[in-house]
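**Student:** Sequence:
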Amino acid sequence: MIPYGRQDITAADIAQVIEVLKSDFLTQGPMVPRFEQSVAAHVGARHALAVNSATSALHIACLALGLGPGDRLWTTPITFVASANCGLYCGAQVDFVDIDPRTYNLCPKALAAKLQEAEANGALPKIVVAVHLCGQPCDMAAIHELAQRYGFKVIEDASHAIGGKYRGEFIGNGRYSDISVFSFHPVKIITTAEGGMALTNDAQLAERMALLRSHGITRDPAQMTHAADGPWYYQQIDLGFNYRMTELQAALGLSQMQRLDSYVARRHALARRYDERLADLPVVITPWQHPDSYSGLHLYVIRVKTEQCRPSHRQIFERLRALGIGVNLHYIPVHTQPYYRALGFRDGDYPQAERYYSEAISLPMFQTMSVEQQDEVVSALLRVFS
15 MIPYGRQDIT AADIAQVIEV LKSDFLTQGP MVPRFEQSVA AHVGARHALA VNSATSALHI
75 ACLALGLGPG DRLWTTPITF VASANCGLYC GAQVDFVDID PRTYNLCPKA LAAKLQEAEA
135 NGALPKIVVA VHLCGQPCDM AAIHELAQRY GFKVIEDASH AIGGKYRGEF IGNGRYSDIS
195 VFSFHPVKII TTAEGGMALT NDAQLAERMA LLRSHGITRD PAQMTHAADG PWYYQQIDLG
255 FNYRMTELQA ALGLSQMQRL DSYVARRHAL ARRYDERLAD LPVVITPWQH PDSYSGLHLY
315 VIRVKTEQCR PSHRQIFERL RALGIGVNLH YIPVHTQPYY RALGFRDGDY PQAERYYSEA
375 ISLPMFQTMS VEQQDEVVSA LLRVFS
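Sequence positions in the sequence shown follow the numbering used here and run 15 to 400.
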């Protein structure tokens, strides 16, 4: 089976991790700060906080921005559930904005219309989570302009997008948002096995997230309520969590960062080849790339014009799997999940997202994918449609 995604672990990665295993620190040592500095320097952000998952990064980002009961968080329905769940973790209400039919990202026009209505009803969001689906950035300039007008904070869920660019600058630099989040899950562009990172240019937000990722505990005398009892002393000054990244994970990530740009370039080469090989399949829509974006290309999603071909969406998916092609579907609209239906969401709430779901298939895309494997994917598609 050719998987839809796969990590690339080299001898250099393994050696870096072994070196840490032989060191004095398996956690809370020097490797995590080095990894943070590497990512921050690469994307052009001032502060980076490594954590045990992108979900954890989203959670502490929301808390640092003051999200709580009575507040509202909006995001896209076409994302992994964590982009919405982070609001619920904080006791806030969650709502969605429909997607742009070409980029599949949160639609700025739909956002503007929803904000206008929400302002009239006194129900504006405190945070909007803009998800860079497949690695292609949202229209961040438009979202930033709306944030300035309506007063909400912006989190970029860039879990798919490290190494990508928006308007010539690396995603994660914080020009158009308050906090950006990366994921280092094994199927992502670089990996730390599990792990994530929150980046910001705001020192206070960085300090708050650093506190929240480690139990709300500080050893900084400047943050304590009174002088330390002794050199052993620490204080819990907030209710935090154990969201720390290990030294082993950071070592792997630091090694992988050396290949980030080449990984993204390889993905672009594969995407161009898919575009060329699938150009003569009239029932397939290949991914459209906005001219302002240079996608991280975590995913290559096609849409199938099922009304123009005999097999159904499900039949196409199942036949490809039967032929050894590990296709996937990113994502099931969050508002259709049972938990969210119980909150009052219904079919028809976000028609563009629901149509996307009825047509989308993620083809295999990973940096070590060979042209022979890619040809096998294309051949299987041709067989299914013939």
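A portion of the hints provided could be inaccurate.
As the list claims (entries may be wrong) - List time: in silico SDA-like cross-link candidates among lysine to any residue, alpha-carbon distance up to 20 Å:
#1 LYS128 with LYS179
#2 LYS128 with GLY84
#3 LYS179 with ARG273
#4 LYS179 with GLY84
#5 LYS179 with ALA156
#6 LYS179 with GLY58
#7 LYS179 with PHE399
Think of the hints as simulated: they come from the structure by calculation, not from any bench.
**Student:** So which of those numbered hints doesn't the model satisfy?
**Tutor:** 1, 4, 7
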